[in-house]
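Residues 1 to 1072 in UniProt numbering are what the sequence shown spells out, letter by letter.
Mixed in with the good hints there might be a few duds.
Claimed, not checked - Once the Cα atoms are required to be at most 27 Å apart in a straight line, the calculated DSS-like pairs of lysine-lysine come out as:
(1) Lys728 - Lys1041
(2) Lys1007 - Lys988
(3) Lys900 - Lys849
(4) Lys508 - Lys80
(5) Lys299 - Lys344
(6) Lys988 - Lys906
(7) Lys906 - Lys933
No lab work stands behind these hints: they were computed from the structure.
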Amino acid sequence: MEWTASFFAQSAEILAACYENRDDLDLLLDPTAGFAPSLSKICKNRIEELAPSLSQEELQSLQLESNTWDLLQLLCSLRKTEPPSPPSPSSPSIPNPTLPSQHNKQGSNDNQPTADSLLLQNPYTPTSLLAQAILGHSPLLQELVVVREWLHDTAPLPVLPSGFGDGSTGAGTGGVGYNKFTLLRLQQAQRTGSRSDISSLVTELDPDAPNRLSTLAAENVYEGSETVRGPSTSSAAVPRINSSNINTTTTTAGSSQASKKKVLAADDANYEKALAQALYGYIRAGRLDEAIELCRRTKRSWRAASVRGSLLFEWRALANDQPIEENDNTNPDTAFADGWSGNKRRKLWKTTCTRAALNPHLPDPDRAIHAALAPSPATSVVLRGACKTWSDHLWAWVSIICEGKQVDELERAGAVFGPNTTYGSSGSVGISVGGGGGGGYWEGGEEAVERIGRVMMNLESAVEGGDDNDGDNASESERESRDRDTQERESRKREKEKERKEWEEREKREREREEREWVREVTKSLESLASVAVSEGPPATNPFQVSQLHIILNRTDKLLSDFAEGISRGEFHKGQASFPVLSRFFAHLCLYLRMIDMSVPADATQTILEVYLQVLEESGQREHIALYASALGENAVERYALFLSGLGLGSDGRDLHLDASGLSPTTTNGGLETTTSTGTSGFGGVGYEERKEALNRAGKRGLDVSRVARVTAERSLERAFEVLPRMKIAPLPNVVLPGCWGKEKEKEKREATNRKGKKPATNAANDEDDTMEVEVGGTKTSADEISDMEWFLIRSIEWTTFQEETFVDALEHANTVFRYFFGCGKVIAAKALLSLLPTEQLKRLSVDKINSADSTANTPAPAHTPTPQPQTRSHARLRRNSIEFMHYLQFFGILDVFAKVWDMEKGVVSVVAESATSGNASGVEFEFEGMTKGAMEDWVEKYKTLIDEVREKIVELATTDWLVNEEDLGRTRSQPQQRQIMLTRIRKIYIPELIIQLHAILVRSGKLAPKNLKYALELANIVADERYMLYGDFVCDGPEKLEGYLGDVRRAVVCALEGGGEDPFRVVSVRA
1 MEWTASFFAQ SAEILAACYE NRDDLDLLLD PTAGFAPSLS KICKNRIEEL
51 APSLSQEELQ SLQLESNTWD LLQLLCSLRK TEPPSPPSPS SPSIPNPTLP
101 SQHNKQGSND NQPTADSLLL QNPYTPTSLL AQAILGHSPL LQELVVVREW
151 LHDTAPLPVL PSGFGDGSTG AGTGGVGYNK FTLLRLQQAQ RTGSRSDISS
201 LVTELDPDAP NRLSTLAAEN VYEGSETVRG PSTSSAAVPR INSSNINTTT
251 TTAGSSQASK KKVLAADDAN YEKALAQALY GYIRAGRLDE AIELCRRTKR
301 SWRAASVRGS LLFEWRALAN DQPIEENDNT NPDTAFADGW SGNKRRKLWK
351 TTCTRAALNP HLPDPDRAIH AALAPSPATS VVLRGACKTW SDHLWAWVSI
401 ICEGKQVDEL ERAGAVFGPN TTYGSSGSVG ISVGGGGGGG YWEGGEEAVE
451 RIGRVMMNLE SAVEGGDDND GDNASESERE SRDRDTQERE SRKREKEKER
501 KEWEEREKRE REREEREWVR EVTKSLESLA SVAVSEGPPA TNPFQVSQLH
551 IILNRTDKLL SDFAEGISRG EFHKGQASFP VLSRFFAHLC LYLRMIDMSV
601 PADATQTILE VYLQVLEESG QREHIALYAS ALGENAVERY ALFLSGLGLG
651 SDGRDLHLDA SGLSPTTTNG GLETTTSTGT SGFGGVGYEE RKEALNRAGK
701 RGLDVSRVAR VTAERSLERA FEVLPRMKIA PLPNVVLPGC WGKEKEKEKR
751 EATNRKGKKP ATNAANDEDD TMEVEVGGTK TSADEISDME WFLIRSIEWT
801 TFQEETFVDA LEHANTVFRY FFGCGKVIAA KALLSLLPTE QLKRLSVDKI
851 NSADSTANTP APAHTPTPQP QTRSHARLRR NSIEFMHYLQ FFGILDVFAK
901 VWDMEKGVVS VVAESATSGN ASGVEFEFEG MTKGAMEDWV EKYKTLIDEV
951 REKIVELATT DWLVNEEDLG RTRSQPQQRQ IMLTRIRKIY IPELIIQLHA
1001 ILVRSGKLAP KNLKYALELA NIVADERYML YGDFVCDGPE KLEGYLGDVR
1051 RAVVCALEGG GEDPFRVVSV RA
């Protein structure tokens, strides 16, 4: 769904704003700016904006989600806050509680009077106040009333009858005249003498006329389709036909017309049916005032009376200390005026409605109206038969439950004090269960008033004492007798008070038991809605309607667990069009319930948030990942790191062009011209700044940025090494060092030799292909080429280079990657990694750690050396990493000097053919064409300086423990670790190569600096020296490399003889 993308961003904004104020429950549950209302609002706005372009399913999904958030707001506010005393009722049945603003629910019902206490104080207490008291002492009933109001608010508006709706009283056929078409047809029949119309149409036009038919004709009352009609108590002002011309005798079961069909005209019948359906729609939506107004405007006053009868009786003058509501706009002087509203005989009215709803001779729409006005178990079949959608069925059940609870409690109120209430010899209260006639005067009549009066009289006489005022002239014996009587009365009074409290406690326990039983019955009834069949709208199994039912039953924990299990079973999966919507809804539901401290299953939350994170990743909503990942608790860092490690590489200039010190596809750097893989940014991800911002977002969401960076780098390394080929132990790769005499000059040398007619003895592989290849894990790749995954491996270190706190980790991870690249012969890739590192910062860090370790080592050790602690071992590990990194910098420093030498030789050194008669064993010539003598001397001097520098650096590297740690050797000599094995491999690969390259440079420069020939021969002595054992690195993979080097030494001797005449030892005697 295209509109879901913007939903992600808007939902995240709401979540972020509420999460910052998660400790403010009032704000989270605010009816306008709270979490749930805000999410509901964006659903409503989306419907308004995109309604024409959305499919029916999408509109339905948005509406259901909006309704569900509204329901959550209402019920969570009620459950998490303390409800105030319910207001005076202004709607039928039980009044609707307003949502509170406090959140301490303890003792919420303690200060509210019960219906019994109200009736004992005043048996004429209005029914509305009794219903208010009943509601205040039943939390579940309060919730169901809220649910009913929510169902009213979410119900669709009814369709008004055809021709109605312009706001005028006379609109539609009902406004023009009552049963106008029937009257006109009867008048026409009178004029024309048409007996068929007279015999088929009703001859009386009162509301009950179509229903006063025999049993045989009752099932087809109206022509074409049944008309919704209801019984009426009055037929006043109903137009009638002239009785002198038309038989107006009422049809009875025994008349000759009993079997004939008496109907209204088709237009009138259809209008009555449409009107009845509209009235039912208004009742379904809880809009009784609109229903009454519709009846008034269509001149159906008897229908308005039926609807108005559902209002509870209210008379403020009879209320006990009824306060004026703050939002009441009425005049305080008239608030307790002698006036009443509502239905004084609602019990009788309800009985009449029930009989009408159960009357099979009435049309179904008419029966549905009466069943909706007076819902009860008796009318449930009729009411549920009129339900089409799942919400209709829910509304029917909730209405039946609420009305049934009210009736039962009103019958009970005051009825526990039956006519046989007595006080025994001890003054105990004799309770008569089943006295009946509860509810006070307006429900039980005079009988209820008399019963309550007797109870009050007995209570008063039971607690009153005798006359203690016998005068001051009583005798001593009389006073003593009076004192004894007083003590006995006080004793009886205390005993009666004790028994009264015991009775109240028993009554309280009994009421609690009955309440629990009622709750179980309500739960069972609502559970049946999980499988109810519907004729319109989404089925009962729709996830949003399942959610609504679980929210009403207060089973959100089970709802979340079921959804998580459905994901695991594959019931909900990414292939479903609704999956992004559902995952978003349930993810926010988890977080909302957690913020307001409601029960949320941890495992289900993890599963739901995980799938939603996947949806966000697939939708490209990277900026919101940190917000939702931070809600995963202990797994938050790991999950966000997993997301970051999955980000690809962007073309931000750090992938294809690595600044002046790095590499680029077409840039010559450091004497090396190379070409990278064209798929460098094949991961289609983000660039340097975006990666840095993604990491920083973790801190904004309360995550440890340093820890996230470490874990991200580790996961990136793991991912890369899983894909990259493994190194083969043997043979070692053949490498060409960047900036050294390599394949370019070898190619020129072969071409020069070919021009002389002689082919040099070179490697056959170089004759066919000028590209040096290395073999890693059985796969041959160009040594100059950096693959996509190798770039990913290089950039994995980047996560630990954004802040100083993770430089230590960057140091360790960089060493790991260096070992891999050097071990595979991928020097260019290692050079690319170096260009991305904060080299100076890491260098200072390494020097500091090495110096710190050295100073610690010089400290005298105690007599007894304890076992190294973890902190000590970590310090030693950091020192090893620092030394290793400095050794790599030492190697790269040599390559940089090689590159400078190569840059100077360009355009000056030319390759000539090697032959026995050429007199040039080095195979090169220096050409200084175009240079002045001074420039040439400067060039030669600088050239000699660079050669001396590279010679000193290589000799230092070769004669010291490069990449060899004495501590590692001492600890791993018997069983070397993988790290030490790889470092030894790197020494065997690159020390011979450095010596060979240095030897070549010394020999090439021998003509300009004869001492370099001497250094070349001395270098051979260093290789043969037993102290350094460098010759072992030449022969570890076979004798070929050592034989080649010895051949180069032989050519160096030849070059020395060329410049030394007949003295073969002259070269070694040249002073440096």
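Status of the hints after comparison with the structure:
no. : hint             : result
1   : Lys728 - Lys1041 : holds, 19 Å
2   : Lys1007 - Lys988 : violated, 31 Å
3   : Lys900 - Lys849  : violated, 31 Å
4   : Lys508 - Lys80   : holds, 25 Å
5   : Lys299 - Lys344  : holds, 24 Å
6   : Lys988 - Lys906  : violated, 30 Å
7   : Lys906 - Lys933  : holds, 19 Å
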